[in-house]
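**Q** Protein chains in written order, with full-length UniProt numbering: chain A, 1 to 347; chain B, 1 to 347; chain C, 1 to 347.
I should point out that these hints are in silico values taken from the structure, not numbers from a laboratory. Fair warning: there could be bad hints in the mix.
Identical copies go unnamed one by one, so any copy, or any two together, can satisfy a pair.
As the list claims (entries may be wrong) - List of simulated lysine-lysine pairs, DSSO-like, C-alpha gap at most 30 angstroms:
hint, residue 1, residue 2
1, K316, K4
2, K19, K293
3, K78, K316
4, K4, K19
5, K277, K339
6, K78, K277
7, K339, K4
8, K39, K281
9, K281, K293
10, K168, K78
11, K168, K39
12, K39, K78
13, K168, K316
14, K29, K316
15, K78, K281
16, K316, K19
17, K19, K39
18, K4, K39
19, K168, K19
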Amino acid sequence: MYPKNTWYVACTPDEIDGKPLGRQICGEKIVFYRGAGGKVAAVEDFCPHRGAPLSLGFVRDGNLVCGYHGLEMGCDGKVVSMPGQRTRGFPCIGSYAVEERHGFIWVWPGDQALADPAQIPYLEWAESPEWAYGGGLYHINCEYRLMIDNLMDLTHETYVHASSIGQKEIDEAPVTTRVNGEEVITSRYMENIMAPPFWRAALRGNGLADDVPVDRWQVCRFTPPSHVMIEVGVAHAGNGGYDAAPQYKASSIVVDFITPETETSHWYFWGMARNFKPEDKELTATIREGQGKIFNEDREMLELQQANLLRHPERKLLALNIDAGGMQSRRVLEQWMVKENTPEQPA
Amino acid sequence: MYPKNTWYVACTPDEIDGKPLGRQICGEKIVFYRGAGGKVAAVEDFCPHRGAPLSLGFVRDGNLVCGYHGLEMGCDGKVVSMPGQRTRGFPCIGSYAVEERHGFIWVWPGDQALADPAQIPYLEWAESPEWAYGGGLYHINCEYRLMIDNLMDLTHETYVHASSIGQKEIDEAPVTTRVNGEEVITSRYMENIMAPPFWRAALRGNGLADDVPVDRWQVCRFTPPSHVMIEVGVAHAGNGGYDAAPQYKASSIVVDFITPETETSHWYFWGMARNFKPEDKELTATIREGQGKIFNEDREMLELQQANLLRHPERKLLALNIDAGGMQSRRVLEQWMVKENTPEQPA
Amino acid sequence: MYPKNTWYVACTPDEIDGKPLGRQICGEKIVFYRGAGGKVAAVEDFCPHRGAPLSLGFVRDGNLVCGYHGLEMGCDGKVVSMPGQRTRGFPCIGSYAVEERHGFIWVWPGDQALADPAQIPYLEWAESPEWAYGGGLYHINCEYRLMIDNLMDLTHETYVHASSIGQKEIDEAPVTTRVNGEEVITSRYMENIMAPPFWRAALRGNGLADDVPVDRWQVCRFTPPSHVMIEVGVAHAGNGGYDAAPQYKASSIVVDFITPETETSHWYFWGMARNFKPEDKELTATIREGQGKIFNEDREMLELQQANLLRHPERKLLALNIDAGGMQSRRVLEQWMVKENTPEQPA
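Turn these sequences into a full structure, and let the hints steer you where they fit.
**A** Below, the structure written as structure tokens:
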């Protein structure tokens, strides 16, 4: 259960450096590559000649060449040429709307007639020189909504990430969830607490004392189909918390793009955007490494949760206040699915 | 096909040292842990909040805490508490009767109303200071009855364990099988033979000459659901064999607890109990290592046998005299299954 | 889809040196071994006693002894003996016609009444002292006909084997396919070209200049069920090409025996036969190593092609002129299948 008429992050530019990339997105086997003029392209990973995977081929003069017998495929899924063959009558394969924007390659896996690049979200932190970003990719064997649940309820930090970003006070602070159109926002504010290890390091990295009380916040923003941006940070206590002036705080945005692969697996693009010391590449690498370790702690939990749910499809799970973010996100997705499956009415 | 209204060995105490253990028994996903006062407990490995595996959590004050969002589960499957939540209306999960006895953790995976700890077999060798025990655990991909067959027909020692405990005379000595209530006993006695390598070492370890003829015996005792205790030994020939006085013999009990995991896999708890030099821990370790190697030789045979039987479910196997122990054991199990599947009549 | 009433290469003699070999051929689990007088034998890999795999046993006095409980199986699938048992009434298992010829073990997996050793192809290169042969075995997860396609259309050398035997001129030279009874022959001749690396080395190995233009040829010969012999070579240009005298050329026969394991996997026996320096064992080893690397380059392509075809069974593939060899081979196989599935008419 996932919408297909929407933009998903498919890969990062470095993944198609030099050679094509085969990746399954929303059940579609797709090959991504740089076509004419370096423009990204995406077609079915299936050569119409004999069914070979085009992702094992290479790009020549902007066209994808099948690595089996040399069929040359155009970015539109139409065969361009093949050595010694007249290809005019050859069948086409599917092609996919694809855009390179904000440091990611975005794909529209559904009805291609509906693909509108204007619907790709604008990411301020990816464009402004005042921000730096670092991130990575994990393949996770659970359906993508379990990851949305995970990110819209950070209570789990206390348990899954106890040694880095978790602390007892997360548990104890109530959360508020509100829906703003199709955006779901879950917020949690903790006042006058001691920062956990990850945030102590961030304070020090920012030239701030790490042994004084802080105010801490987590503002999780879901937008469909599966983007979760989380504003996180700490400020020396009593300076306004979330609204404190920069000299009192360390903060950043946790960036999560969650792309369904199959009904029970997904590609998880995680990262962190920060607006302090944006030029410090070493700091970017350090944060990236730390975040990568932390986010990998969720994997076993999510995959075994998925296995449990597959064993017991009849069981109804709880929907507590802490689950409201995930539940509301699922509601938005259900509305999208209804819309996607309803034939358009003539105007 | 396995009875569920009975006690099985689930694990050994060291497996729940410090952290919970998730293990599937008779198709049930169970988490085992030490609850209040160190008493062993077992509940479904499924958090009623969001389906996370409770076995990834930890124990606090005798209750199992879910490692995802902190739900605190009681040993009876009722939720005790959850940070920031009223849990009164939360659904329960299954709990399992579980007992720690004779050096093992025993579980009753079926109808909990019928669980009676008095039905756990008494193991003299586990309680008496005159005995020592060492053993281990293998996970084997075949149904548990193939392992019962294996242990109730030691003819296979000649072939599978040719270099340690096998010898041609096993083949040549007839076996006798008798049924005593629900116990099945298969005996084989060999007289005036030379001992094979394992038993030569045992004789030497016991301070006895290893280069003289011996009488050797194997008395396999099956009791339902799947315990096989095998009295094995050698005595200097002509001193009474099985009944010889201690100064003439080396003997022990091979201990086998066979716990179904699924219809085609099981947990195999193997070990050896001996009543000589019980205080000699180094000897215990040496025997354990040797036995572990020998018992691992059965694995490939059993797993490929299982694959063959799954390919040819229509084929009828032979039931020879050497198979009588396994066949009679299966008969007892079938009676148990009939009883288990027959509704109780009112008195 | 594969004929079963025919001879397939099952293994090479070294694979049954000393111990039996279990291998699945055309869906049949078979154990191959050397019986009485070293004559190769093949029976079902299933002991009629308890279903154990006979391939884990050993051979004694020409009979296969089950490694579980010692049942002694004859080469005809009839039980010979078992320790302590009367075996007269024991059920038989299937046995297979099997022949050792031309350096291979051949098996007839279908109707045993039809097995005629005279139908095993004669391999001149395997018998004549003027030839040397070296080869190997790969297990490939795709149906055997995809490998036939691969070998009957060497256009793929340009792409899959670009750094060794591929060159642009292969693409550009037209192919001719003709059917001669049940033999399918696809030929390609290239004139006055520069040899690719593999053939330059072969020229040098043959004492010939490698920096002059050559004529190159590829003559692929399919015979059912799945043998593909490919005459390949280069000759200094203008000396007759394929028909050039030996002092002008380097040539050999690529040998391919393709044995179905299941509907989607096969055993691929590859090798090269040459009629120059046949006594040079070091050269044989060098060629074998090089060929092994080249032929392994096809594996990923074939296995992902198979996965693509299983995902899209409804898609019709193209049948171009370069595919004619594979298509005609499939046609011959279909005729065989019709014949195999048609009940014999009484004369």
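**Q** Next, verify each hint and record whether it holds.
**A** Do the hints match the structure? See the list:
Proximity of K316 and K4 under a CA criterion of 30 angstroms is satisfied in both settings, with 26 angstroms inside one chain copy and 26 angstroms between copies. In this assembly of identical chains, K19 and K293 lie within 30 angstroms of each other by CA distance both inside one copy and across copies; the values are 28 angstroms within and 22 angstroms between. Taking CA atoms no more than 30 angstroms apart as the test, K78 paired with K316 passes between copies only; the shortest distance there is 16 angstroms, against 47 angstroms inside one copy. In this assembly of identical chains, the alpha carbons of K4 and K19 lie at most 30 angstroms apart only when taken from the same copy (26 angstroms versus 42 angstroms across copies).
When the C-alpha separation of K277 and K339 is checked against a cutoff of 30 angstroms, the pair qualifies neither within a copy, at 43 angstroms, nor between copies, at 74 angstroms. In this homomeric assembly, K78 and K277 never come within 30 angstroms of each other (Cα to Cα): the closest approach is 47 angstroms inside a single copy and 50 angstroms across copies. With identical chains, the CA atoms of K339 and K4 are at most 30 angstroms apart within one copy only, with a shortest distance of 11 angstroms there and 48 angstroms across copies. Taking the closest pair of Cα atoms, K39 and K281 come within 30 angstroms of each other only inside a single copy of the chain (27 angstroms); across copies the shortest separation is 53 angstroms, beyond that limit.
In this homomeric assembly, K281 and K293 come within 30 angstroms of each other (Cα to Cα) only inside a single copy, at 19 angstroms, whereas the closest approach across copies is 42 angstroms. With identical chains, the CA atoms of K168 and K78 are at most 30 angstroms apart between copies only, with a shortest distance of 23 angstroms across copies and 58 angstroms within one. Proximity of K168 and K39 under a CA criterion of 30 angstroms is satisfied inter-copy only: 27 angstroms between copies versus 49 angstroms inside one chain copy. For the homomeric pair K39 and K78, the shortest alpha-carbon distance inside one copy (17 angstroms) is at most 30 angstroms, but the shortest distance between copies (58 angstroms) is not.
With identical chains, the CA atoms of K168 and K316 are at most 30 angstroms apart within one copy only, with a shortest distance of 28 angstroms there and 61 angstroms across copies. For the homomeric pair K29 and K316, the shortest alpha-carbon distance between copies (18 angstroms) is at most 30 angstroms, but the shortest distance inside one copy (33 angstroms) is not. Taking CA atoms no more than 30 angstroms apart as the test, K78 paired with K281 passes in neither setting, with 42 angstroms inside one copy and 51 angstroms between copies. Only between protomers do K316 and K19 lie at most 30 angstroms apart by alpha-carbon distance; the minimum there is 28 angstroms, versus 45 angstroms within a single protomer.
For the identical chains of this complex, K19 and K39 are intra-copy neighbours only, at 14 angstroms inside a copy versus 53 angstroms across copies, given an alpha-carbon limit of 30 angstroms. Taking the shortest alpha-carbon separations for K4 and K39, only the intra-copy value of 23 angstroms comes in at or below 30 angstroms, while the best inter-copy value is 52 angstroms. With identical chains, the CA atoms of K168 and K19 are at most 30 angstroms apart between copies only, with a shortest distance of 20 angstroms across copies and 47 angstroms within one.
In summary, the numbered hints that this structure violates are 5, 6 and 15.
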